[in-house]
Amino acid sequence: MSVLELSSGDLALSAILVLVNAIASLALGLQIHRPLLVAALRMVAQLLLVGLVLRWILGHQSPWLTAVAVLLMIAAAAREVASRPRTPLAGSAGLRISAVVVGTASLLTVGLALSTALRPDPWYDPRYAIPLMGIVLGSVLNSASIALDAFLTGARQSAAIIEARLALGQTRQQALRAPRMAAIRSGLLPVINQMSAAGIITLPGIMTGQVLAGMDALSAAKYQILLMFILAGASGLAAFGAATLAMWRLTDGRQRLRLDRLRDQTRT
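So the sequence shown is residues 1 to 268, counted in the working numbering.
What the hints contain is simulated information worked out from the structure, not anything from laboratory work.
In this text the structure is predicted, and so the values were computed from the model without any measurement.
A few of these clues could be false.
Here are the simulated distance ranges between beta carbons [as the list claims (entries may be wrong)]: (1) GLN173 x GLY111: 48 to 56 Å; (2) SER92 x GLY59: 35 to 43 Å; (3) GLY169 x ALA76: 40 to 48 Å; (4) LEU30 x VAL100: 17 to 25 Å; (5) THR208 x LEU41: 36 to 44 Å.
Don't be surprised by glycine CBs; every beta carbon is placed ideally from N, CA and C.
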């Protein structure tokens, strides 16, 4: 099984496509050539740096290095989730919720996959654990951030209805059921669309990479199916957790809606 190695010249040739877009932006006056080129340079620097770090971690095969890398990835994803809502929670509540949701959803699903379906030896093999965590975190980040934003926005827009229901004796779960369910559905839409399109409209990245690396196409398809199931489970946990924890934060023990716990991002 041979792997096609890419040279710096190969990468430079592919970069011409980005330069063409930048030139088109200049010609058409789109004013996106600068952010496009900056994003491309950042992407190259970030991926090369990650590649060097992963090469070092893979060479040591240490459970402690693997754990540190995974925790740093979770922390970065949690920070991103907390910063996404248009009307974020005040203080550090959003970051705490994001950390719990992202950490729980990703660790549970990745741990399950490593201990049951993949079973690498050792189980913490960074060659499996870190890439799998990275893929799962991407899906968890999307689902959690969408669900959190949808719930907080929906609760704020429906505040009068929610407060009326609470005044009539409904519990916080009953009064906030509609925005919470809507938020969970919104958070699951990306992974549902991804599963629906896989194989017919798009050829997923993991399967493509394995086929390019020389793996049998059917075996690569099985790995992709396993991955999609993992992503669906992680996304569901993330969307449910984000909406539910936000619901508890946005109310108190006296069954009151606490919009004062929201921060208007436009004022910061």
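Status of the hints after comparison with the structure:
Roughly 29 Å separates the CB atoms of GLN173 and GLY111, a value that falls outside the hinted 48 to 56 Å. A C-beta distance of roughly 37 Å is found between SER92 and GLY59, which places it inside the suggested range of 35 to 43 Å. For the pair GLY169 and ALA76, the supplied restraint of 40 to 48 Å holds, since their beta-carbon distance comes to about 43 Å. At roughly 41 Å, the beta carbons of LEU30 and VAL100 sit outside the given window of 17 to 25 Å.
Between THR208 and LEU41 the C-beta distance comes to about 25 Å, which lies outside the given range of 36 to 44 Å.
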